[in-house]
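Put the two chains together into one complex; each comes in its own frame, and the hints tell you how they fit.
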Amino acid sequence: MAGATIDHMISLTILIAALLVAMMTYNGLFATAVDYDRNRQVANKAVDLMNTICLSPGNPTDWGETSDTLLGFGLQDPEAGGYALSPYSIMRLLPSESEILNYTKTGTLLQFSNVSMIQGGFLGVPIAECVNYTSVAELLGVNGSYGFRLNIVPTLSVSITEYMPNPLSLEVEVRGPGLALSNATLQYVLCSVYKPEDSDFPSFESRSGIEKTGPAGSKVLEFDPPLNGLEDTYSIIVYARLGGLVGVGYYSHGTIENDRIIPFIENFEQGEILLVHNWDVHEFPGSPSALHFNTTFFGLTNNFELTQFDITGETSGLINSGVSEQAYARLQINPSENGILFVSYRTGNTFGIMMLPWGVSTLGVSASFGVDPTGYDFVATELRQVSIDDISYHVKVSTWSLSG
Amino acid sequence: MRTVEVFFVIIILLGAFAITTQFAVLPSPSQAFGTNLRELSQSTLETLDAQGTLSQTVFTNDTDAWADLQKALSASLPPNIVYNLNVYNLSTNQDDVVTYHLEHSISDANLGADSDASSLLVTSPDVTFNQDPQKIGGTEHPITLYILNCSDANGWWITGYTGQSLAADIYDLLSPYFTTTVLINDTDDLELLLENSTSLEGTIQNAVVVNPFGEAVPIPANYTQTGPQHDEGYYLVDDGSHHEYYDTYSKYCYTLGAKTQQYNWTWVSIVGYPLYYVSNTETFTESSDHNGYGIHGMIQVGPPGLNAFLHGLDGQNYDQWQWNGYSWVYGEGSIATDIDVVQFTDNAIDKCNYYGIYPSPSPTASRALPTSIETAYHLNRSALIFKIKEQAGKDYSAAATYRHTGGAIEGGALTAIGLTRIPDVRVTALALLVYYNPTIYKTVFGASGTSVLVTLQLGQQGGT
Chain A
1 MAGATIDHMI SLTILIAALL VAMMTYNGLF ATAVDYDRNR QVANKAVDLM NTICLSPGNP
61 TDWGETSDTL LGFGLQDPEA GGYALSPYSI MRLLPSESEI LNYTKTGTLL QFSNVSMIQG
121 GFLGVPIAEC VNYTSVAELL GVNGSYGFRL NIVPTLSVSI TEYMPNPLSL EVEVRGPGLA
181 LSNATLQYVL CSVYKPEDSD FPSFESRSGI EKTGPAGSKV LEFDPPLNGL EDTYSIIVYA
241 RLGGLVGVGY YSHGTIENDR IIPFIENFEQ GEILLVHNWD VHEFPGSPSA LHFNTTFFGL
301 TNNFELTQFD ITGETSGLIN SGVSEQAYAR LQINPSENGI LFVSYRTGNT FGIMMLPWGV
361 STLGVSASFG VDPTGYDFVA TELRQVSIDD ISYHVKVSTW SLSG
Chain B
405 MRTVEVFFVI IILLGAFAIT TQFAVLPSPS QAFGTNLREL SQSTLETLDA QGTLSQTVFT
465 NDTDAWADLQ KALSASLPPN IVYNLNVYNL STNQDDVVTY HLEHSISDAN LGADSDASSL
525 LVTSPDVTFN QDPQKIGGTE HPITLYILNC SDANGWWITG YTGQSLAADI YDLLSPYFTT
585 TVLINDTDDL ELLLENSTSL EGTIQNAVVV NPFGEAVPIP ANYTQTGPQH DEGYYLVDDG
645 SHHEYYDTYS KYCYTLGAKT QQYNWTWVSI VGYPLYYVSN TETFTESSDH NGYGIHGMIQ
705 VGPPGLNAFL HGLDGQNYDQ WQWNGYSWVY GEGSIATDID VVQFTDNAID KCNYYGIYPS
765 PSPTASRALP TSIETAYHLN RSALIFKIKE QAGKDYSAAA TYRHTGGAIE GGALTAIGLT
825 RIPDVRVTAL ALLVYYNPTI YKTVFGASGT SVLVTLQLGQ QGGT
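Chains as they are written, first to last, in the working numbering: chain A, 1 to 404; chain B, 405 to 868.
Don't read these hints as lab results, they were simulated from the structure. You may find that some hints are simply not true.
Stated by the list, open to error - Far from chain B, some chain A residues (derived; all Cβ distances over 10 angstroms): (1) Ala18; (2) Tyr26; (3) Glu231; (4) Pro288; (5) Gly322; (6) Tyr376.
What the hints assert, rightly or not - Chain B stretches covered by chain A per the calculated footprint, using a threshold of three residues with CB under 8 angstroms from any CB of chain A: (7) 459-471; (8) 681-689.
All values reported here derive from a predicted model rather than from experimental measurement. Cβ coordinates follow ideal geometry from the N, Cα and C atoms, glycine included.
Isolated chain B (complex conformation) (with noise of 0.2 angstroms):
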């Protein structure tokens, strides 16, 4: 009895394994070899193309010229790899609907079911793809791009950058966009744009002016405290009473700021904390003169540079300064806070896409701004690249342009990028490219016969 009971187990065993071999049908340990048929073909097509061949044969009819395709394809693939070319021609119609019809095909055998292809997109030779940028302001008003691009500066938060390294990235990512862009060589320069001096390229008058040095700005000597105009850019606080003195250059961040709506301008500060240390290697040469992380020919303002600033921008008094019971506070001391990581905007990301510049859309912003200041400084908040975020019980806007429209006085902006260090410029040029939201006039690529789309499907014979 026994004895058939361990048949019937043992039928039961064999007929597990009979159902399992028939499901688990495991490829032969050999299949894993093989060449990346997808890689071979595309490196294939490239490497025809490189001189521009293949371009020209596949917007031509010559016969010549198609065999002369055909024997490359088969004198430059292994004897057992088998080829099929297609040649396909794109065109749009007035709904955007991409169509594409089969122009050619070569092959030289039946590629079977193991194949694999790659695809080429490629454009007519006699057809040049256009992608032109507006000119900010237009021919009518165009607007000047002036880059601070001082030697004789030190920066501070753009860790692994010099300021002049980062004007050199602004420059590049910018000036297709307008119709004169000017370096700001030295802080000589900077006086000349700060005093409206014809002698300077471009129209001072309603331009954008970024520094990329960071949390610091240039300061021009005759602005600092030993220089001729020292009342325009250092300023004593002392009210007569027993506090000690405190000697600050947030007079020049107010000057700057002044100079900001009379002139029309768009102030932008790249990262950081903005306007928080004046820097002129050549005037601040004391061994003091540091920012306390050993960068030299830096001299710290602290927050009432940024809110001297916006106190210009708004036309209001420069003496704000109050005593607390320990120490001198402008205005409303410390505005900028850190509210860990934001996210871009919807706009922010499409925009990203039509200018084809792509920051990282969740960076971390440690010196964020209050959108309090809106109402304070009769600022009038756009183009919000990063979401508000709010934060004991306060909205705070990581970057963003704001346009001074309201008050005793009009005209100024500023951009403020408050991201943590390392600096990515791109977002700057996002933050004003959305600000100024200037057309980008492309060539259709879809337009009849001016691109086709070439697949090459490759096979490997005689097994794999």
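Looking at chain A on its own, in the form it has when it is part of the complex (with noise of 0.2 angstroms):
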């Protein structure tokens, strides 16, 4: 008898053993195929978002070009249809990481986020006319149970860096992200900016030409007449073409330090930009100086070519951080034109040049939306390229999810 029970408990236990390691084992099986599936849907979340914001223009359509309320999520330009961009629509887009500026010279306070743009070139959008990520997500209809992250970067980098000041050459390099791009074409506009004689306002002279880029990727440019890069002050716009690609890069020198002026956008939907001085938005030692500043705003055709289209309001005058009835100046530019807003300007024998661009392809602004994916264990990504006024970009939608 007591035989018998010892067997059935040996047995007992082992038969206990052997279920517990089967379970752990089929365990192990299950959490696989759980988590697979879990980060499935996350994927294809991610591949929904990319979708929604790529192939759909949003609600109203032009959202981006007018001051309504926004009800539904969408980047593509209605005008073009498929994976084409509207340049609007992203200019209205709250970056994840920005400078916040704060004017409060017009009497009321005004808040601007600085889009982060190499020297020479500035992006300052309205912030109450901007979208941010909780109201995107909202209309995204994944507030609460996804992340996400947009980030809209130009295919080619066209990187431009001064190879020789005097007489000026610059070397301009064309990268995609595979490799360099040789036998790209080049065509690149120059303006320099002088004081003519009769005048206190800064104007400007410009200079264009068609390149190919080497082997290597790259080109070295030349002008006639010659610059001087150690005292002139110019702005130089190169787009580069390849095979259907197309990028744009631009290098400007200036020969003021801090006294500058910055464009803001005041209004999307009119088109109305604020001019402020530099030292009334930063802070800097000594003392401001008045600008004189005169203003152009070319629009892009589709050749890649700048023609100049008319502004209304101050497109000249003076700023003087010091003075309250100079401190700031209002003009209109047309809103429908993708362009660039050249603001140059001048204190004494030294100037400036400050370039704005309308829709954020004139000057390969990229773009980032969303909240920072560090963090979370499985991350989604999807990528796409898409044209934005025929300016090639990368488009990535990085997805994750919040319920852990």
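Right, here's the structure in full:
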């Protein structure tokens, strides 16, 4: 009797041990399947978000060009369709990481978000007219369930560096994510600023040309008549084309240190621009100088040539940080024209130039929207190629689950 | 003994596990991650063709252009993505069988098994593909399309639209099929149309007249009660007995029917019960001049409107009023009825594909007309859009064109779309196109050398 009981106990112990081992093994199998299924859901959500963002213009379809309330989110260019994004809708995205600039000289507190650009370019958008991450997440139906981040970057990197200062020559290098682009067509416009003898307001003259990159994907540009890169103030914009890809790069050189004019977009729908003194939004040692300025708005043609359009309002004048009547200037451009606003300014014999892109593509501005995915276990990414007013861009959407 | 049995159980358990794992090959959770290569491929093709560069390259043998395309592909795709781009020439033989011949191929690596592809049909930049509709009536007897766009009239049963906005939509849809399209911009112009005035553009005889105001129809001021031509638009029902008077604008609808027959028009009602109201916002300004639903400048005619129109179309006398014991009734009274959901005919489905117009194939018809009107008014039903539906022993048609072909006089037609609101003018366009059946002249896409199919296959290297 005792032998049978011991036999039962041993067999039961072995059976329970075997069941536990089997359950643990199956558990691992099921856990893998559950993880895969969860990750698959996140990956599918990434595709859904990408399709909505790239293949829908949103509601209203022209929301990027108006001040209407956004009812549905999407960035597709309603006039072009397909994988073409609206350069105006992207401008209204409140960047994820950006400097907030306050301006009070108009009598009310105006807040702008400074989209990061290299020297010579500035894109300051009014926060009140931008859409933020929370509202977009709600419109996309992912608020609280999924997080996402949207990155829109030019496909081609067109970098311009000073090759020789005097006489000025500039080296242009064109690269894609994969390799450098040889034989790419470079179409450039260089604007140099000077003071006319009969006016206090600066003016500029332009040089343009067409070149091709060499085997290393670069080209040194020389100019005739020559410029002195140490003393002259200039901006150059280069459009690079190859096999259907189009990229843009720019470079500016000025002789003024901190006395700059900053162009803020005050109203998207009306194309209203507010020109302010750099000292009124940043702090510097010393005292500010009064700046004589002049403005020109260029639209971009289908052949990537600049054509001048009219501006209304204070197109030239004096901006003096210390005098309230001259603290700022307002002007208005045609909001439906994709282009670049050139603001040239001077104090004494020093000059500066600032470019405001109207439509992100004209100066190849990148956009980053959403929250940081750092810390999440699984982040699905989705990549597409798009064109924004014929400039080639990559769009990347990173998505992750917020439910753990 | 028990221990031996337990060992048997363990062997069975392990065996089951081994068999399960052998067949249940679960993917690694990391495999869920990965770019949608098909969409990336599609977006790449579209981007490269945004300025027509891809179209130009695939139709040329220029080695530099192909080298540039290869560089563009390599430069635009992430380094871990490999590609294979194939270009197929399309040709169509006499039996309309399309064949694909590989013309060009560029690739930067072997793709392996984990790849996806998309395609883009590219047409030669040297070839223009035309799609020219035949003009209705041809060049010898061109038919004019008149669209009522009266600024001094309101519509009803066109929820969400105005008559003027629908007129613009109809213009966009149908004007390519007509030599001349004329918008009738106010009721004064409408009077010119009714009186066959030569001051109007186009040819009034044999014209198509579309009324986009839904159940309402604009009425010129001169045809109203106080106008000089009130006898063609207004009628006071009075048989001299003790019955109360009844004033009605069904006489105007009768005039419209008579004019439709006289000028051999095709009168088109786009939605709802035809001719249920008359509207003139300049004349009907009394506080009582509304349709009962808040739309002013409008007076209800009711079912007598359509009945009177059909009497006019058939050349019958106007006065068909009868006292039924409690109210005046014109002819058969209310004839249109609700038959719920209706279905496209096979012919209508074919024509949707032919003309590229795709309204809903199964809408609700709340104002369908009985087929009995065909014998009562000498009408020949053609261009049936929805299948005939039986209800309470009677057959009903939701949308068709009724040609007046018998009786004492001939000529004229009524296209009646008896669907419920919200109106879909694509059904109207389809009904007219099915009725007139104009040919679409298309350039053949399959002609050799005019179209190529570009496929871009992408693969991801380094695992997923």
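Verification of the hints:
At roughly 4 angstroms from the closest C-beta of chain B, the C-beta of A:Ala18 falls inside 10 angstroms, breaking its exclusion from the interface. The claim that A:Tyr26 is not at the interface with chain B is violated, since a C-beta of that chain comes within 10 angstroms of its own (minimum 7 angstroms). For A:Glu231, the non-interface assignment is confirmed: its Cβ lies about 37 angstroms from the closest Cβ of chain B, beyond the 10 angstroms cut-off. Every C-beta of chain B lies more than 10 angstroms from that of A:Pro288, the closest at about 45 angstroms, which supports listing it as non-interface.
Under the 10 angstroms C-beta cut-off, the non-interface status given to A:Gly322 relative to chain B holds; the minimum distance is some 49 angstroms. For A:Tyr376, the requirement that its beta carbon stay farther than 10 angstroms from each beta carbon of chain B is met, with the minimum near 12 angstroms. Requiring three or more residues with a Cβ within less than 8 angstroms of a Cβ of chain A, the coverage given for the stretch 459-471 of chain B holds, as 4 such residues are present. Residue count for the stretch 681-689 of chain B with a Cβ under 8 angstroms from a Cβ of chain A: 0. That is fewer than the three needed, and the coverage hint is violated.
Violated hints, listed in ascending order, are 1, 2, 8; each of the other numbered hints is respected by the structure.
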